[in-house]
Amino acid sequence: MKKKIWIGIFCFGLCVSHVAHAQDFTSEGPSAYHMGLCTEAVEQLVDEGEVFIEDTQRYLFCIRMTRKLQEVIEQDQQPEFNSNEQLTLRRMAVFTEFINACILGDENTVRKLMKTGKVDLSFRTWDGDSVVKAAVDAGNAKLLRILLNHSSRFDWKLNEMADALNLAIKSRDLMLIRTLVEQGLDLNSLLIHDKYTPLNIAASWGDLKVVKTLVELGADFDTADATTGITPVMYAAHGAHYKVAQFLMGIGADLSAKDLMDQSVLVHALIGGDVHIVELLIQKGADVHDVDSEGRSLFFSAAKSRNPKLIQFLMEKGLPFDPNAVDELGKSLLMTAAASGSIELVQYLVEQGADPHAKTKKNETLLMWASLSGNLDVVIFSLNQGIELNAIDSDLKTALTWALIHGKTEIAKYLKGLGANH
Numbered sequence: 001m002k003k004k005i006w007i008g009i010f011c012f013g014l015c016v017s018h019v020a021h022a023q024d025f026t027s028e029g030p031s032a033y034h035m036g037l038c039t040e041a042v043e044q045l046v047d048e049g050e051v052f053i054e055d056t057q058r059y060l061f062c063i064r065m066t067r068k069l070q071e072v073i074e075q076d077q078q079p080e081f082n083s084n085e086q087l088t089l090r091r092m093a094v095f096t097e098f099i100n101a102c103i104l105g106d107e108n109t110v111r112k113l114m115k116t117g118k119v120d121l122s123f124r125t126w127d128g129d130s131v132v133k134a135a136v137d138a139g140n141a142k143l144l145r146i147l148l149n150h151s152s153r154f155d156w157k158l159n160e161m162a163d164a165l166n167l168a169i170k171s172r173d174l175m176l177i178r179t180l181v182e183q184g185l186d187l188n189s190l191l192i193h194d195k196y197t198p199l200n201i202a203a204s205w206g207d208l209k210v211v212k213t214l215v216e217l218g219a220d221f222d223t224a225d226a227t228t229g230i231t232p233v234m235y236a237a238h239g240a241h242y243k244v245a246q247f248l249m250g251i252g253a254d255l256s257a258k259d260l261m262d263q264s265v266l267v268h269a270l271i272g273g274d275v276h277i278v279e280l281l282i283q284k285g286a287d288v289h290d291v292d293s294e295g296r297s298l299f300f301s302a303a304k305s306r307n308p309k310l311i312q313f314l315m316e317k318g319l320p321f322d323p324n325a326v327d328e329l330g331k332s333l334l335m336t337a338a339a340s341g342s343i344e345l346v347q348y349l350v351e352q353g354a355d356p357h358a359k360t361k362k363n364e365t366l367l368m369w370a371s372l373s374g375n376l377d378v379v380i381f382s383l384n385q386g387i388e389l390n391a392i393d394s395d396l397k398t399a400l401t402w403a404l405i406h407g408k409t410e411i412a413k414y415l416k417g418l419g420a421n422h
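Using this note's numbering, the letters of the sequence shown correspond one by one to residues 1 to 422.
Read the hints as simulated data drawn from the structure, not as lab findings.
Owing to the predicted nature of the structure, the values given are computational and were not obtained by experimental measurement.
Yeah, the Cβ is synthetic: ideal placement off N, Cα and C, and Gly gets one too.
Heads up, some of the hints might be wrong.
[Unchecked claim] Quick list of the computed label-pair ranges, beta carbon to beta carbon:
#: 1; residue 1: Gly330; residue 2: Leu260; range: 48 to 56 angstroms
#: 2; residue 1: Thr109; residue 2: Met175; range: 18 to 26 angstroms
#: 3; residue 1: Ser293; residue 2: Gly36; range: 34 to 42 angstroms
#: 4; residue 1: Gly218; residue 2: Lys170; range: 19 to 27 angstroms
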């Protein structure tokens with residue numbers, strides 16, 4: 001009786017996490033996953049002198065073992081296990097406990113089992129993922145560090161290494177970043193999500209310590225993302241991360257670079273909305289008479305920032321200001337500001353003489369652009385300027401149509417309440 005209970009406990013521990021995959025246990029053959037666990041367990045036990053199974057018999061031994069496990073899962077039967085099978089089952093249960101702990105992010109269990117010397121990073125989950133990837137998927141940087149510290153080398157897949165580094169950066173785990181580089185990670189060739197350089201990810205997050213660590217470990221501070229052409233200093237400026245931008249400028253980041261949309265570092269800084277970054281760039285030679293990717297003055301970039309102080313700053317720097325400036329499609333500064341959702345900026349531009357009744361070449365109104373912002377205050381302000389509620393553009397769309405198309409449900413509900421059509 002005691003023996004059956006003991007075997008039942010280990011069978012349960014081994015199989016409970018795989019109930020969802022029970023369809024893979026069929027009479028057609030043994031589970032490849034459990035065959036792998038069994039083979040590894042037998043090899044360990046033979047090396048330790050715990051069991052004695054000839055080389056030629058080990059494969060057949062594991063086939064019998066896995067078939068017995070199938071009986072447990074498929075038929076809820078309790079087969080008899082001999083002493084070698086019991087020892088193997090016990091070791092397989094240790095493996096499974098380790099794998100499940102990695103999936104669940106259970107640091108204590110992983111640390112305990114790693115100390116036994118019976119588990120390692122070669123183990124894979126039911127789906128074929130490494131335990132390292134399982135730790136990454138669990139979002140546990142500390143657990144990942146524990147795993148890597150117990151192995152001098154791990155056979156990385158490229159996507160696993162990229163995901164691990166992304167987790168380390170977002171977790172601000174400097175020690176893990178160093179460990180990954182020691183594992184052979186190349187900071188200048190590896191791409192996160194197949195698009196972004198590690199330093200660009202760090203710059204966009206704005207953590208100065210992480211950025212400094214990556215640069216110290218050899219990351220090129222001017223490498224642009226291949227799909228966008230955006231450099232680390234552009235990411236820092238766009239994200240309004242002053243300390244990171246200041247650091248990158250200080251070590252010689254290229255401030256004349258432009259991304260693939262022909263946007264300069266200064267344009268990114270203006271959109272980001274940090275006056276101090278903009279001022280620092282101008283001090284280092286950035287031209288306030290530059291234009292954005294559509295040939296518009298920098299006031300249009302500032303209008304996207306939600307910060308009225310940037311408009312004032314550019315005026316103070318001598319950039320000629322026309323409150324009714326429009327782009328080639330007739331979209332005004334005021335419309336650009338309204339779409340950004342800044343009521344303060346919209347009010348400021350009107351105070352400076354911007355015409356709220358102006359329309360684009362497609363008859364788009366300020367209210368239509370305000371409906372994209374998601375800011376009800378901007379919509380109400382636009383209506384208070386006397387703009388027609390049910391005006392239509394050249395595509396026969398109203399402001400309500402714009403709001404519905406772009407998922408601005410609160411704005412749409414408000415406009416409907418006023419009797420808007422679409």
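Verification of the supplied hints:
Taking 48 to 56 angstroms as the suggested C-beta distance range, the pair Gly330 and Leu260 does not conform, at roughly 26 angstroms. Evaluation of the 18 to 26 angstroms hint for Thr109 and Met175 yields a pass: the beta carbon distance comes to about 21 angstroms. For Ser293 and Gly36, the Cβ-Cβ distance of about 54 angstroms falls outside the hinted range of 34 to 42 angstroms, so the restraint is violated. A hinted range of 19 to 27 angstroms holds for the C-beta pair Gly218 and Lys170, which are about 20 angstroms apart.
Going through the hint list in order, the structure does not satisfy hints 1, 3.
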